[in-house]
Amino acid sequence: MFQTLSYFDVMLAASLILINGAISVALKLGLEKKLAWAALRTIVQLTLIGFVLEWIFAVQSWPVILAIGVVMTSVAAFSAVGRVDHQFPLMRINSVISVFSSAWLVTAITLFAIIGYEGWRDYPAQYVIPFLGLVLGNTLNGISLGMDKLGDQLKRRRGEIELILSLGGTRWEAGRSSVRNAVRTGMIPILNSMLVVGLVSLPGVMTGQLLAGASPVEAVKYQIVIMFIIAAGTAMGTISVVLLSYQRVFNSMHQFLYDEIKAKSNRRKS
Amino acid sequence: MAINVPLLEVRQLTRKSHDGSLLLEDINLKVEVGERWVISGASGSGKTLLLRSLAMLDPAEVVLEWNGEPVGAHNVTLYRACVIYLAQSAAIIDGDVRENLRLPLSLTMHRDLKWPETEVSDWCHRFGKEVDFLNRDAHDLSGGEKQIVALIRALIICPQILLLDEATSALDPKSVKVYEQIVEEWLQEDPNHRATIWVSHSEDQRGRVSDHTVNLSAGKIEGSEP
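For the protein sequence lines, the chains are L and Y, in the order given. The opening position of the first sequence corresponds to residue 1 in this note's numbering, with each subsequent residue numbered one higher. The opening position of the second sequence corresponds to residue 271 in this note's numbering, with each subsequent residue numbered one higher.
Among the clues, some could well be false.
[Said to hold, decoys possible] Derived, one-sided and incomplete: chain L residues facing chain Y with beta-carbon distance under 10 Å:
#, residue
1, Asp85
2, Lys155
3, Glu162
4, Gly168
5, Thr170
6, Val225
7, Met227
8, Ala231
9, Ala235
10, Asn251
For the record, the hints were derived by calculation from the structure and aren't laboratory data. All values derive from a computational prediction rather than experimental measurement. Yeah, the Cβ is synthetic: ideal placement off N, Cα and C, and Gly gets one too.
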C-alpha cells in the first residue's frame, strides 16, 4: 500500500541539503547561497505545482488542461534556447514551433493510439500533463544540445562551408555535416539512457508506479512506452529546430549568412 | 553563346554592412572572354568583398549576368561551379590532400567529372611536389601548400573564371611563377570561354597577370585602365 509522507518527513529530507552545505563550506566552494536558493525553489515550485495539479485533477476540464499544456510547452521552448551559446535569427520562434509540434504530436499519439481514449477519458488531466511533461523535459534537452552544437559547427566550419559553396555545392551539401552533427548530439542523452535503463537506475515513472503499488510488469510496460515516446519527441524536436535554424542561415541563393549567427553576450551571473 | 555578350557583367553592385554603411558602392564591371583583370586598391578598400560578391558568396544588391544570363537562385550553383573564388587563406577539409582535391567530385554538380590523375600529378610535379604529397594530412600543409591545393582543386572542375584573391601570398617566388604560368596556360587553353580576375598587392605580379585594372578606393571604382 502507498505510504503517504507527513510534512515532517519532507523537512527531514530537506535537511539532507545541509550535507551539501557542509561540503561547500569545508571545500570553500562558495555554493551555500546557491544551494539555499535551489533548495528553496525546489520546495516552492513543487509545492505550487502540487496545489495547481490538485485543482486541475479536481476540475478535469479540457480548456484548463490545454491552457496548462500551452504554458508548459512555452516555458520548455524558451528555456531550451535560453542558454545556448549562439543566437540564430528567430531562434525562439523556431524553438516554439519545434517543441509544440513534436511534443504535442507524440503525446497525442500516446494517449489516443497507444493507451486509447477509453482508458483515460474520465481522468484526462492525470494522463495529459505527466506525459506532456516527460516529453517536454527531454525534448528541451535535445534542442538545447542540438542548437549549441549547430552554432558551434557552423561557426567553426565557415571555411569549409564557403569552400563547398564556392565550388558549386548546394547549401545542403555545405551545411549537412553540421546539421547531422547537431542532430546526433541532441539525441545522445536519450540514446544513452535507453541503453542503460533498468541497469543503472529505475526510471522515474516506473519508480512512481512501483511506489504506488503497481505490479513491476505493468510498470515496465509503461516505462517502455515512455522511453519510446521520449525518444521520438526528442528526435522530432531536435531535427525540426536544427533544420529551421539551418534555413535561417542559408538563403535561397545558396549563401551562408555567417554574420546572422551571433555569439551570446557574456552575461555575468551573480 | 551570342556574339558580343560579355562573359561576366556586373551592374550597380552595392553592399552594405550591418549598420547600413556602404562597403561597396555602385560597382559596374564588364569582363570579356580572354581578359585578365586585376583589382587594385589599398587594404580595406573592398577588394576581397568585391571578389566574394562576384562569386555571389554574400548577399548584395547587384545585377549580375553571366554569358548574358542573369544569375539567380535557379542557376547560382552552376555559376559558382564555373566562377571560382580562391581565398587568400585557402580553406581545406579534414583528410589528406587527395581527399581535398577530390572534394568537388563529391558534389552533385560535378558527379560526372572524372578524376584527372595525369593532370593532377603534372601540376603537383611542377610545384615540386611528388606523389606522396597527395597522401599528406591537409592540416599539416603550410599556407602556401594550401594555396597550391586550392588552385589544383579549382582547375579539376574546369572553371570559366578564376577569382584569385591574393592567391599566391604565401608562396615562395619560384612557386608564384609556376602558379602564374599554370593559370596563364589554363586561360590560353580556351581563351574564348575563360577569364581571370586577380587581387594582388604586388605591383610586379599585377603587371605580369593583367591587362585590365580596376582601382578601388573606399568601396568605389576610382578608375580603370585601359
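Here's how the hints hold up against the structure:
1. Asp85: 20 Å, violated
2. Lys155: 14 Å, violated
3. Glu162: Where the cut-off is 10 Å and the nearest Cβ of chain Y is about 6 Å from Glu162(L), the hint holds.
4. Gly168: 3 Å, holds
5. Thr170: 6 Å, holds
6. Val225: Interface hint status for Val225(L): violated (41 Å vs cutoff 10 Å).
7. Met227: Check failed: Cβ of Met227(L) comes no nearer than 35 Å to chain Y, outside 10 Å.
8. Ala231: Cβ of Ala231(L) sits 30 Å from chain Y, so the hint is violated.
9. Ala235: Because about 27 Å separates Ala235(L) from the closest Cβ in chain Y, which is outside the 10 Å limit, the hint is violated.
10. Asn251: 7 Å, holds
In summary, the numbered hints that this structure violates are 1, 2, 6, 7, 8 and 9.
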